[in-house]
Amino acid sequence: MSDTRTSLARPPRIVVSGLGVVSPFGAGLKTFWNGVSAGACAIKPATLMETEGFRSRLAAEVPADAMAALPASRRRTRADRMALAAASEALADAELVGADRARAALLVGAVGGGMYEGEAWYWDETRSGQRAAGERALRSILPFSHAETLANRLGVSGPRETLVMACASGAASIAMGADLIRAGVVTAALVGGVDALTRICFMGFNALRLLSPEPCRPFDRDRRGMSVGEAAAFLVLEDADRCRERGARIYARLLGAGTTTDAHHVTAPHPGGEGMIRAIRQALEEARMAPSDIGYVNAHGTGTPQNDGTEALALRSVFGDHGVLVSSSKSLIGHTMAAAGSVEAVATVLALQHGLLPPTANLVNVDPEIPFDCIPGEARPAAVAAALSNSFGFGGQNVTLVFGRGDAQ
Amino acid sequence: MLSESVDVAGSVVSESMGEGRRVAITGMGTVNAAGAGGTAAVAQSLAAGGTTVAPVKAFAVDRSRSRLAAEVDVAVLATLIDQDRGRRLSRVCQLAVAACELAVRDADVSGGTRLGIVVGTEHGDFRSSEEFAAGFLRRGPAGLSPLIFPNTVMNAMASLAAIAIGAKGPCVTLNQPTVAGDLAVARAAALVAAGRAEAVVAGGVDEICEVVYRRLAVMGALSPAQGQGMESCRPHDPAHNGPVAGEGATFLVLEDLESARARGATILAEVVDVAWGGVRARAHGVRSRRIDRDSAVAALIRRHSRSRAGLARCYGAGNGDPGVDDWERALLAHDLDGHATAGVVPPITLAAQFGQHAGLGALRAAAAALDASRGIGPVLVHGIARGGCRTAVVVRPPDARAA
Chain W
4 MSDTRTSLAR PPRIVVSGLG VVSPFGAGLK TFWNGVSAGA CAIKPATLME TEGFRSRLAA
64 EVPADAMAAL PASRRRTRAD RMALAAASEA LADAELVGAD RARAALLVGA VGGGMYEGEA
124 WYWDETRSGQ RAAGERALRS ILPFSHAETL ANRLGVSGPR ETLVMACASG AASIAMGADL
184 IRAGVVTAAL VGGVDALTRI CFMGFNALRL LSPEPCRPFD RDRRGMSVGE AAAFLVLEDA
244 DRCRERGARI YARLLGAGTT TDAHHVTAPH PGGEGMIRAI RQALEEARMA PSDIGYVNAH
304 GTGTPQNDGT EALALRSVFG DHGVLVSSSK SLIGHTMAAA GSVEAVATVL ALQHGLLPPT
364 ANLVNVDPEI PFDCIPGEAR PAAVAAALSN SFGFGGQNVT LVFGRGDAQ
Chain Z
132 MLSESVDVAG SVVSESMGEG RRVAITGMGT VNAAGAGGTA AVAQSLAAGG TTVAPVKAFA
192 VDRSRSRLAA EVDVAVLATL IDQDRGRRLS RVCQLAVAAC ELAVRDADVS GGTRLGIVVG
252 TEHGDFRSSE EFAAGFLRRG PAGLSPLIFP NTVMNAMASL AAIAIGAKGP CVTLNQPTVA
312 GDLAVARAAA LVAAGRAEAV VAGGVDEICE VVYRRLAVMG ALSPAQGQGM ESCRPHDPAH
372 NGPVAGEGAT FLVLEDLESA RARGATILAE VVDVAWGGVR ARAHGVRSRR IDRDSAVAAL
432 IRRHSRSRAG LARCYGAGNG DPGVDDWERA LLAHDLDGHA TAGVVPPITL AAQFGQHAGL
492 GALRAAAAAL DASRGIGPVL VHGIARGGCR TAVVVRPPDA RAA
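As given, the protein sequences belong to chains W and Z, one line each in that order.
Sequential numbering of the first sequence, starting at 4, is according to our numbering.
Sequential numbering of the second sequence, starting at 132, is according to our numbering.
Chain Z on its own, in the form it takes in the complex:
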């Protein structure tokens, strides 16, 4: 039996967006293990299904317990970032810049003081941090590179992407495990609804770098955790034994609905509700028997699941980590309380297709937006991470509410 707790969370732009501006999704861009491009490319890679998970190519893994990953094709990234920029930008910054450029091109928005950016990331540019420190350990102060150092600050991806797309509004980097991409989308919706920006490019980015991959494998944070069972990403499967690392960047363009309509933009979906909060848990821990009775996330899910339209689908954060998978199902089962239809519990997961990375949350939101563009909705994008950060984003077909 689940234990009730007094965990609470707030947050929302909602139906509660009622008091602020309405928020539309008008474009997207992605560079992931399945390919790269705008809305059409995202739709194509989602429709392809299957998995991009394969043995790691970027570095030798023969002595590693984990050997799989969903890696971005080097040749695909090279078509988006020319050699000159490739020399100046670290790899994770290249991913972020390329995906943001694809997103603004897809939405046909231009830069300026009313364009913002929100980047979610789990690991940031750890490759640069390691390279910078290694320079010192090899050669002392003379080995320190002033060109690498700025990348060690986690906002480098957002800042360089902001320069690339001319975003001079709020430029926010959110560091969060598992749900960084969906949290970025939720925060961006709040910024637009509050009038802090007219449009915000929001999503997530991470790369697979050797030092982080090896350490996560040693710590048992990747499949096969603790070395038990076959290595594979199996979210919500009884044999799940850890996530498989992925990489890439996916960004959506969230925009003031009226502004989008005024400029004749293609409106893929409307973001009608967002909430994020915390379920009390130890740092990095899971409390799969703890629910959050009073939180804004729980209230959002109750509100939508019991509405006349109900929830048509749910994309969840389950990634094969048994603690996260089990906690997510328990939280959703409690909040839906029997008001779930097929496709909501267990939630649809994309982790097996693209691997776990911060862009995955944005891919979930992108999948929900594409569903909405086909008339399916409302669609819930749900997230729960170790440590207890919980997110919810609800999107609808663009004409579901009167203009």
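Bound conformation, chain W alone:
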């Protein structure tokens, strides 16, 4: 196939009108921003699973008191409860009601589904050799269960998709939801990602020797891996005209998205960052922006030696040395898997709105191979007009989003 990409015919005209988050800081957007802007690290000793004998015993869990306070029934899976709370908050925040809500698209990025509860059943049955209680959990074990639950409980009946694109799932839901608006299929979309902690995820990254024994320290010379987290984050995307017509608040504009695949290796990124570079350039092209128009990058920034090195290579290729401020939200809330792309998109949108760039926690000695100001320790006041959010995942999945300030014309 030829390598010439053709831009969409219509100019981008998509805005963000609602946000909702359940994160390791607790439930709610305000709680999330307070934690992010304070540079607090929510990575702590794991309580939800056995960690004896593992390389790491840490995780960024949604606090027990916050989970207990979520309104959804405790018979639902942990992930469904988080998703319901975050999606409800986003819809309420956008004041999306009536036909606008009923016709909205629903795109959910998910990987683990209700696996946490399914694992508990499997553990019990396998270890005891007896038929175990809790088999009902298997009905909600697959990722599509979230979208079905959200659609029914929240009355969102437009096009529905469950996207499983590894750690880029949440960002992909935003990119593909925006496409439905851009194509005129819908005027609004509830998009985002959710993942609760699962034993398989924790054990898998341990087996790959990618877990850090200490809270992850992206971009640090001495980084030793990632920290696993959990979250749900949803955004309401809207056609800008319809949003203005109904008088809703505009947080930010979604200016462009790039979605590419390395087609190189199932767990390792292309060593030259080829797919990442294409995703970033596609997003900039769609946004009709030059690299110099971007003031901040919310990096994928997992804290693994390979990811951070390759991402820095990709950013350097697009932005040149020292060209842009970069930080990693994963140093604050861990790697929230399918939710990461959407929770970091929310952080990016809020950074634009508040003129305050989230910091990278635990960053002491910046890797000399990473020639960027990575905002160590403390949030940085900066009036940035446009920002970029990167999400990369297993299978060489790359998604880049470009957001612009909502008050810009």
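If you're looking for bench data, these hints aren't it; they were derived computationally from the structure.
C-beta atoms are modelled at their ideal positions from N, C-alpha and C, and glycine is treated no differently.
Hints are not guaranteed to be accurate.
[Claimed, not checked] Covered, in the sense of this in silico footprint (three residues per stretch, anywhere, with C-beta under 8 Å from a C-beta of chain Z), are these stretches of chain W:
no., region
1, 122-129
2, 166-177
3, 385-395
[Stated by the list, open to error] For the chain W half of the interface with chain Z, some residues (derived, Cβ under 10 Å), not all of them:
no., residue
4, D265
5, G278
6, F322
Let chain W serve as the given structure and place chain Z on it in line with the hints.
Below, chain Z without anything else, positioned relative to chain W:
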């Protein structure tokens, strides 16, 4: 009497594709219980009719309530995936890789940054998830395999297929019961129409694995549901009592029509309309008395059924699950409102021939494309799943619209 509801859905690339690029189907590949190959093999297996459903061979089922399945012949898969790749790829990934390779060979498209892939799946690689977890329960952390873990993420099939065919454009995995394959085809058409890719390999894949099969049987999700009646796949039959599990992978190549023409590709059909949406229902539930009056899917069906050409045929998602079968007939009857011809309601079902799996939706789309290649059309590929996800794809003979 059916209850009207305010369920709505949007979506479309359509006649509505008018603003975007036109989309052609230029090839297909399949590995299913009837055989494997490209367009000719799909046509042959569809023409053969009958059923591939038989007693399960892969594992013992004598203590199971359900004992039937449509399984892929081990020897057929072995001819497509050599021993070296067979060692490295899980079985469901082998199915996906083999079918995608057959599809791109059939369409004669090459890899690159403008080739995308959309994979629909219902269960993903659950076999690997179970194997990975069992390793831990047997041996603790030392029993965890770093080679198995990546397969537990449901996008492994798409990612490995992308590597195999060199697809560097969008790589999307959609998790959905019953209609995953048709949803993947619809999403792929939207990606091509929007210019996100020049060509997209789209379809579905699932395998029969013991842990999932046994659990579905215990939960009454397979025939004979609740243990009543004879075990069999009987879509839309008064005696239907649940689906029979199938497995396999089927993928179509959807391509920008002008690009396809420019390279002299064989154009089997044109995708002229797609829509997908949700009919409000409880998770995993059916609302067989609920219709979706205002949805884009309903609008698409009304538009085509009332057009001069009408709808020549409909391939439906009915799979023997009484809730799905009844809901599908009710939805179609409402949307067609008397504008149906023979072959549209009840819709043609392929579930009895190939068993229920995510590749089945793509097989429905493939059957519609083959009809179109013979001058039959427009053909509707319709889907409804428990939980309310509804899909529609309309294909026509390639010369039905002026170039």
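Here is what the structure says about each hint:
1. 122-129: n = 4 at 8 Å, threshold three: holds.
2. 166-177: holds (count 5)
3. 385-395: violated (count 0)
4. D265: Holds, because the Cβ-Cβ distance from W/D265 to chain Z comes to roughly 7 Å (cut-off 10 Å).
5. G278: For W/G278, the interface hint holds, since the closest Cβ of chain Z sits about 7 Å away, which is under 10 Å.
6. F322: 21 Å, violated
Checked against the numbered hints above, the structure violates hints 3, 6; every other hint is satisfied.
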